[in-house]
Amino acid sequence: MAGLDKLVTSYEAAMAGLEDNMTVISGGFGLCGIPENLIQEIYHKETKGLTIVSNNCGIEEYGLGILLSKRQIKKMVASYVGENGEFERQLMANELEVELTPQGTLAEKIRAGGAGIPAFYTATGVGTLVAEGKHHKIYNDREYILEEAIVGDFAIVKAWKADRHGNLVYRKTARNFNPMVATAGKITVVEVEELVEVGELDPDEIHTPGIYVDRLIVGTFEKRIEQRTVLTA
Amino acid sequence: MAGLDKLVTSYEAAMAGLEDNMTVISGGFGLCGIPENLIQEIYHKETKGLTIVSNNCGIEEYGLGILLSKRQIKKMVASYVGENGEFERQLMANELEVELTPQGTLAEKIRAGGAGIPAFYTATGVGTLVAEGKHHKIYNDREYILEEAIVGDFAIVKAWKADRHGNLVYRKTARNFNPMVATAGKITVVEVEELVEVGELDPDEIHTPGIYVDRLIVGTFEKRIEQRTVLTA
Amino acid sequence: MALSRNQLAQRVAQELNDGDYVNLGIGIPTLVPNFIPDGIEVMLQSENGLLGMGVFPTEENVDADLINAGKQTVTMVKGASLFSSAESFAMIRGGHVDLTVLGAFEVDVNGNIASYMIPGKLIKGMGGAMDLVAGADNIIVTMTHASKYGDSKLLTNCSLPLTGKGCIKKVLTDLAFIEIKNGKFHLLERAPGVSVEEIIKLTEGELVINGDVPEMQF
Amino acid sequence: MALSRNQLAQRVAQELNDGDYVNLGIGIPTLVPNFIPDGIEVMLQSENGLLGMGVFPTEENVDADLINAGKQTVTMVKGASLFSSAESFAMIRGGHVDLTVLGAFEVDVNGNIASYMIPGKLIKGMGGAMDLVAGADNIIVTMTHASKYGDSKLLTNCSLPLTGKGCIKKVLTDLAFIEIKNGKFHLLERAPGVSVEEIIKLTEGELVINGDVPEMQF
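Going line by line, the protein sequences match chains A, B, C and D. Residues in the first sequence are numbered from 0 upward in steps of one, following numbering that gives the first Met the number 0. Residues in the second sequence are numbered from 0 upward in steps of one, following numbering that gives the first Met the number 0. Residues in the third sequence are numbered from 0 upward in steps of one, following numbering that gives the first Met the number 0. Residues in the fourth sequence are numbered from 0 upward in steps of one, following numbering that gives the first Met the number 0.
Please note: incorrect hints may appear among the correct ones.
As the list claims (entries may be wrong) - For the chain B half of the interface with chain A, some residues (derived, Cβ under 10 Å), not all of them:
{"id": "1", "residue": "Y61"}
{"id": "2", "residue": "E94"}
{"id": "3", "residue": "A118"}
{"id": "4", "residue": "Y143"}
{"id": "5", "residue": "L145"}
{"id": "6", "residue": "K171"}
{"id": "7", "residue": "P202"}
{"id": "8", "residue": "R223"}
What the hints assert, rightly or not - Quick look at which bits of chain D chain A covers, simulated, 3 or more residues with Cβ under 8 Å:
{"id": "9", "region": "91 to 97"}
{"id": "10", "region": "111 to 121"}
{"id": "11", "region": "191 to 205"}
Hints in this document: simulated from the structure, not taken from any laboratory. Yeah, the Cβ is synthetic: ideal placement off N, Cα and C, and Gly gets one too.
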């Protein structure tokens, strides 16, 4: 790895420098488009006291849920708890600090973190628990609350294809939070299914420019499906 | 035009409803990626008292500059005056109201307008004329100013390809401000070089989803070059 | 008789306009696409980053990378587009979605909605619901009129933590189609065979009845 | 002797690190790519939406849709990417660009920079410069040390409207390479054949000279 080449060859190298009590932002929605091997690496490292920022926390035995079960997570910033019983249990038992954040606000907070916007106003959450303690302001007769950006010590991302410069392309709804997450880490680590030659990706079709990416690794993925719904003839 | 089909067949229909004193946001950077025929249509309509939001104001005889020469513009919101002598002249002579806005702030104000974010903080412009009268706030020992979103009565956009649903693809640096502008108009009008069948654009490669587009027209473009720089052997 | 889940979806579908971009929440709303009237073309938005959601895939076409906001495997229709969650909520927050249909635990006469937690009992999280109710002008809440214990879900004041304040104008329950305005519920239609009295009995918040209340038409 | 435009560009190029993402302003900075040292790989960002800017095109390859921030026709290198202006300034404002090189009218001992207007005389507009100076940690200003009338451009206080406040740490002029810290200019290097006295004479703001000041090496 030198110059613009972001490729690393071990998951250990990919997550080197991750320490207890750091903040990690993760891409993925449910189990779709999650950096599953980077999560596994955090699990094996046994890093503790983590703040995890992610829309969901996986399911109990897969995805970010494995960090929850192993008590590696001190605080979750997420929009959705459902479908993970252990998450709900730890939350209700006050064993886990949770900042429930509306999904769109969460996406925007992460984007803002990467884009040098420390805070922004939104109407989402006005009049709810989410608005408590936040600055309120009226624009055009409507009330808005001020939400602050999120920056992570690490950002972990799953993309479909990449070149060594870290130019990324996502596939279908596995894109979800990944493009914003990629911008919001002090160290951004990306795992992909396929490495292509520099120059092979059409510049007009790159979703995340390599400037945001610090480390890149090629993995194999289980891609577990949460709700396998099919048409019955 | 019905249902999801946004196609109109005349520039008159494309700009129908534009009235004096409205705000029009335009895509383009310099003369690159400007909705040249939509601008021509505004010129021919002789609409007056317009507020134009655009990074530049074209050059004197081409692009948005023609509206300036015909005194159709009451106010410009732009980041750059250079290379348009008439713009500079009207500005210095106080014949034109001008809100000089840093380029990144302008891009973000337009994005915010489309995204339902009424205002955001940025460090850009702190300590300069741009910051005067704006709310200041400290985050992490750094000073930021509050900037407000921009929404247009009309947004005019140039894209490369589109389908009838208004799904858009831009080409190279002709993308520039166009994707944000497309989101920020009460009525968004897009002109393109090429119409393709619905389903022909790869969903992963669509830059602007059709939900933002109200009207679509296929045009022919001069694509004038401002600085023709070439390698000399 | 109380509406079936399919009838609820069918009644919602009558509210669609040609060319609408529509976000359908989890549960009953996901059945709406089965009842889109002829001649009406709509695009379904799924807040995880898909505009142009199609039906469930066949077994061979299941794709782990293509799910909806309920984490169900889906397909795309022609003209679909894919984007990030930030872009998706830019659409929603920015008011570009024409109609949002979602479920709730409670709704009250001031248009408040509660749908994401029951303190001490259940915490699902708000997901995208807070953004959806804040972003859309046109929202239809679908839910049962009362709990299985007969407790009304149409209240003077929501008792649970709110998902949104003053944002709901239309509620479709298994018994009635109700409009919320001026701090009151207004009974627009009743389910076939359901009496106005039955609806009054199960509506805790103030309910205005104007003349004869028509039955829903299917 | 004062540096030529090419020498200025060459000296700037020495500041590049392998793997840097670099934004080059209009004027002298655009000459920098001609002097990138061997073994150093950098990517040039153009704020109108291009990362991986290449050289000017040949006559046959001129493309009206591919320009840089100076509106000049350019090409792309392998590994280039294209994006919107909002994304471009997310990169810049978010501090993802490693080095920014831009011109100025004036710089002062507090790191203030003025570069976009001369009241009553000239208004170019700030373009992306205010975002660039606010977003980058590492900025090099390139300019002539003094005006053609001999007026210093390195001042105690900028006299023109500012582009940015307290953001400039390095200035390369045709006479000297100067660091700004603790409210003073610090002379790091002088142009070959230019004396310290000459630099002192043309520097209005307080200038610190520590021991022997080396000549720039090319």
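For each hint, the structure was consulted:
Among the interface hints, the one on B:Y61 is violated; its C-beta lies about 25 Å from the nearest C-beta in chain A, farther than the 10 Å criterion. Interface restraint check: B:E94 against chain A, minimum CB-CB distance 30 Å, threshold 10 Å, status violated. The criterion of a C-beta within 10 Å of any C-beta in chain A is met by B:A118, whose closest approach is roughly 5 Å, and the hint holds. About 6 Å separates the beta-carbon of B:Y143 from the nearest beta-carbon of chain A, less than 10 Å, and the hint is met.
Proximity of B:L145 to chain A holds as hinted, the smallest CB-CB distance being about 9 Å (cut-off 10 Å). Look at B:K171: its Cβ gets to within about 7 Å of chain A, closer than 10 Å, so that hint holds up. Checking B:P202 against chain A by beta carbon gives a least distance of about 8 Å; that is within 10 Å, so the hint holds. The criterion of a C-beta within 10 Å of any C-beta in chain A is not met by B:R223, whose closest approach is roughly 22 Å, and the hint is violated.
Remark: the region 91 to 97 of chain D is confirmed as covered by chain A, as 6 of its residues place a Cβ nearer than 8 Å to a Cβ of that chain, reaching the required three. Residues of the region 111 to 121 of chain D with a Cβ under 8 Å from some Cβ of chain A number 0, which does not satisfy the need for three, so the listed coverage is violated. For the region 191 to 205 of chain D, the proposed coverage by chain A is not satisfied: 0 residues have a C-beta within less than 8 Å of a C-beta in that chain, short of the threshold of three.
The structure is inconsistent with the numbered hints 1, 2, 8, 10 and 11, although it conforms to all the rest.
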